[in-house]
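If you're matching them up, the sequences are chains A and B in order. Residue numbers for the first sequence follow UniProt numbering, so the first one is 1 and each next one is one higher. Residue numbers for the second sequence follow UniProt numbering, so the first one is 1 and each next one is one higher.
Misleading hints may appear alongside valid ones.
Treat identical chains as interchangeable: a pair holds within one or across any two.
[Stated by the list, open to error] List of simulated lysine-lysine pairs, DSSO-like, C-alpha gap at most 30 Å:
no.	residue 1	residue 2
1	K9	K59
2	K94	K55
3	K109	K9
4	K175	K143
5	K55	K9
6	K143	K59
7	K178	K390
8	K97	K109
9	K9	K463
10	K387	K178
11	K175	K378
12	K109	K55
13	K97	K55
Hints in this document: simulated from the structure, not taken from any laboratory. Please read these numbers as outputs of a predicted model, since none were measured by experiment.
The chain contents come next:
2 protein chains.
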Amino acid sequence: MNAQLERLKQCLGEIDDLSKAAAVLDWDQQTYMPPGGLEARSWQLATLQRLAHEKFTSKEMGDLLQETLLHIESLDADSDDGRLVRVMWREYQKQIKIPPSLVAEFARKTSIAHQVWEDARAEKRFAAFQPILEDLVQLIRRKAENLGYTDHIYDPLLDMYEPEMKTADVERTFKELKTAIIALIQGIAQHRDAVRDTVFWQEFDVQQQWLFGIEVLQQMGYDFERGRQDKSAHPFTTNFSPDDVRITTRLYPNMFASALFSSIHEGGHALYEQGVSRTLLRTPICTGASMAVHESQSRFWENVIGRSRAFWTYFLPRLQTYFPAQLRDVSLENFYRSINVVRPDFIRVEADEVTYNLHIFLRFELETALIAGDIEVKDLPMLWNQKMQKYLGVTPPDDAMGVLQDVHWSAGLFGYFPTYALGNVLSMQFCACMKRDLPEFDEMIARGEFTPILAWLRENIHKHGSKFTPTELVRRVTGEAMNPKAYIAYLHGKYGELYGI
Amino acid sequence: MNAQLERLKQCLGEIDDLSKAAAVLDWDQQTYMPPGGLEARSWQLATLQRLAHEKFTSKEMGDLLQETLLHIESLDADSDDGRLVRVMWREYQKQIKIPPSLVAEFARKTSIAHQVWEDARAEKRFAAFQPILEDLVQLIRRKAENLGYTDHIYDPLLDMYEPEMKTADVERTFKELKTAIIALIQGIAQHRDAVRDTVFWQEFDVQQQWLFGIEVLQQMGYDFERGRQDKSAHPFTTNFSPDDVRITTRLYPNMFASALFSSIHEGGHALYEQGVSRTLLRTPICTGASMAVHESQSRFWENVIGRSRAFWTYFLPRLQTYFPAQLRDVSLENFYRSINVVRPDFIRVEADEVTYNLHIFLRFELETALIAGDIEVKDLPMLWNQKMQKYLGVTPPDDAMGVLQDVHWSAGLFGYFPTYALGNVLSMQFCACMKRDLPEFDEMIARGEFTPILAWLRENIHKHGSKFTPTELVRRVTGEAMNPKAYIAYLHGKYGELYGI
Chain A
1 MNAQLERLKQ CLGEIDDLSK AAAVLDWDQQ TYMPPGGLEA RSWQLATLQR LAHEKFTSKE
61 MGDLLQETLL HIESLDADSD DGRLVRVMWR EYQKQIKIPP SLVAEFARKT SIAHQVWEDA
121 RAEKRFAAFQ PILEDLVQLI RRKAENLGYT DHIYDPLLDM YEPEMKTADV ERTFKELKTA
181 IIALIQGIAQ HRDAVRDTVF WQEFDVQQQW LFGIEVLQQM GYDFERGRQD KSAHPFTTNF
241 SPDDVRITTR LYPNMFASAL FSSIHEGGHA LYEQGVSRTL LRTPICTGAS MAVHESQSRF
301 WENVIGRSRA FWTYFLPRLQ TYFPAQLRDV SLENFYRSIN VVRPDFIRVE ADEVTYNLHI
361 FLRFELETAL IAGDIEVKDL PMLWNQKMQK YLGVTPPDDA MGVLQDVHWS AGLFGYFPTY
421 ALGNVLSMQF CACMKRDLPE FDEMIARGEF TPILAWLREN IHKHGSKFTP TELVRRVTGE
481 AMNPKAYIAY LHGKYGELYG I
Chain B
1 MNAQLERLKQ CLGEIDDLSK AAAVLDWDQQ TYMPPGGLEA RSWQLATLQR LAHEKFTSKE
61 MGDLLQETLL HIESLDADSD DGRLVRVMWR EYQKQIKIPP SLVAEFARKT SIAHQVWEDA
121 RAEKRFAAFQ PILEDLVQLI RRKAENLGYT DHIYDPLLDM YEPEMKTADV ERTFKELKTA
181 IIALIQGIAQ HRDAVRDTVF WQEFDVQQQW LFGIEVLQQM GYDFERGRQD KSAHPFTTNF
241 SPDDVRITTR LYPNMFASAL FSSIHEGGHA LYEQGVSRTL LRTPICTGAS MAVHESQSRF
301 WENVIGRSRA FWTYFLPRLQ TYFPAQLRDV SLENFYRSIN VVRPDFIRVE ADEVTYNLHI
361 FLRFELETAL IAGDIEVKDL PMLWNQKMQK YLGVTPPDDA MGVLQDVHWS AGLFGYFPTY
421 ALGNVLSMQF CACMKRDLPE FDEMIARGEF TPILAWLREN IHKHGSKFTP TELVRRVTGE
481 AMNPKAYIAY LHGKYGELYG I
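Could you build the full structure based on these sequences and the hints that come with them?
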């Protein structure tokens, strides 16, 4: 048993090395790679990913997993090794169902699709993207059929990002959220002038923005000895081990809030990865439990903490030293209100905390219908704009501001979008528990003390990596299943007060 | 045949992808990786390198090479495919002689040795490095025995960096060089005050240094769309394809010449890699022919061009716009003399054009004797200092300034040092041919016109990658074997005039 377990861990270690090497290449591509490097980089990434997949779906891996599984009873069910074997067995059973030819075709098609999408978006013309998106939808449907399902063809896709979550669960949660959020937005619409953000209609030096962002990240507890921040076109977090977790941001002189909250958001993801137990080093479970749990961390820091009165009680005086000319006269209350303006608009990534979720419902509804075959790719722009009007009361002026705005579908990421809103839900469900353990939650934040908060997250969530499924983790932490009540109460409380509803 | 050749190229392509991915990880480690990343990075690199070695020495690779070799007669001997098969067969026969256990032990030992060497150098204490260096020498001797040799145990080591070159060839060339250079240095010693570099005893803003370096690199023809410069502790060049060739430099306010000539040096390496024919893309021969040929390019740009009167005729007025306060009053002649001061000193990488070679002779003599078992590791510091006194008339104050100064031995690089001086030799041998084809050589440089020079290098040297062995390449370009006459004449001419000998 021990010899087999060691051999299994050695094989998984090599697979992890290949995946992490690919992550380094991807980080480089998005930060420093010169334009000429693209062609060779795509070969290198394809080879690394193919080798990792080949090794993971090999007969040796199957045998090792089965043999160790037979003897796993001797291990504590929650031990690192016991969990590793079970989680990998689950993943192995999924991966072997996808034929290598489909993996290769998918990789080839998505690498082309990315460029087609970029060009189509630049031209603001969905028709240019439509044919390859139709191909991708067919491939994704084949993938879903290969993976198999009982209730909904979208289930196995969702399961790739959110293990054990079902389409019906998401629908139930989103239904409850939607009712509450639409009611809230209707209330806000009647008090639209209560909150203004004119303070941000100024220029903010990008170097000063950068420095303030670093200060905030350090204060949050992000360890720059085990990470770094760089610039990229789209902010992201990546990790090559818990000791090398990197984030990126983008800076605009006339969009101060955008860069700052993106740094805090990515910092939230990074704290999660830096906090995974080092006993899981060099295993594929040495990373966050799921996309929704990951988003719960980033959104917690970005919104629950970063857009709170308490946070700016501490940080506004600090920020004023970076931008004395722009911010000398702003009051805490005015600043707090400014960063919490609710304003229905076209672009998801720039959306406020309340309307953000509507962008997700729209995408989830469209992609489940698309995969189920209930709607056609060609009708997406029309359906997109109809839903935008219905949920947000606005109609995108063109496809670039509408259906073409997100990279996900071009990368074949179907099943990913709902995790953003589920992350919002979890952020407050976790926070409610945290506040019971840390009754001085707001006071600590107002003093700039994040250590107890981070310690709580590390102990309850971060350290476990993906030893537990999200369902298991949520139950361990909160004692119940995923539940949007706390998040709804939070939104209604915060924005009801802000807008005087 | 075609199917086998295609399969061979596909396998070699994958091996190349793995090697290039490792190169990206190494670049990242030396430029941006946070300190915490080291442990995981060493696993990732070990896995990539092991997989590349496993694939290259696999039975499938041997079979494919043998089968394609049988049919290679149908291909033009100089065709890309014909050369690829022959060069890879030669390399395969070498690699399969090294048992995997030795490869693994060597990798493990050198990764430890690097840290031991760094610590020993910091403590200035060779004794701390001695035990692991003794182990490394034993491993290297085993490697040489495995590879096999007829004349000298150092031959197979040299062959790794300089294919087909023999220890006896190096000894013959170095003997001729040594006599000439020692005579030159004796002459210079009697006119020591003829050349001074007090102009560099000032502070030069590092950001301005950086910008001037970029201007020089652009003017040389380095393509920043297919490369970039970053900062690292030790300057180096790396490439992930001819379309992604990166260099690094280091900048010191009080060592202007050091940073600039290091940028030009690495730029010379980079122009070589950027100039390899794109028909060789994604093959292991899509890179420079050998270390000596590579150094011939870097030293050509650094010294023959970069330290010439003509170069500064063009660039001094440009440089004065970057540093008006420091350089307003310097004359071309004074500046030219300043960058060509000959001053025997302890450190190889800071040595001038003339004494540099003596540092190499010393290392070559010591490492051949060490590998042959004629001297012992424990006697290295004493022997080092004796030779320093004999060749350069100086004795290092401590081991850090002496035997511990270079990283090479800690990395197991035995056989590498001589290529630096051989590169000097080749730089002038190639240059003599170039000048026949480009009679206006100096005038072009003085006008800042480097395009014809780069075009000549591309056509005669760069584009071939490693299709030809260095011996073949030198004969193709110059019509003769390696010959130090042109280089000796160059040194005597240039420094005889400078020092009025």
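Discussion item. Hint by hint, where does the structure go against what was stated? Just the numbers, ascending.
Written reply: As far as the earlier hints go, not one is violated by this structure.
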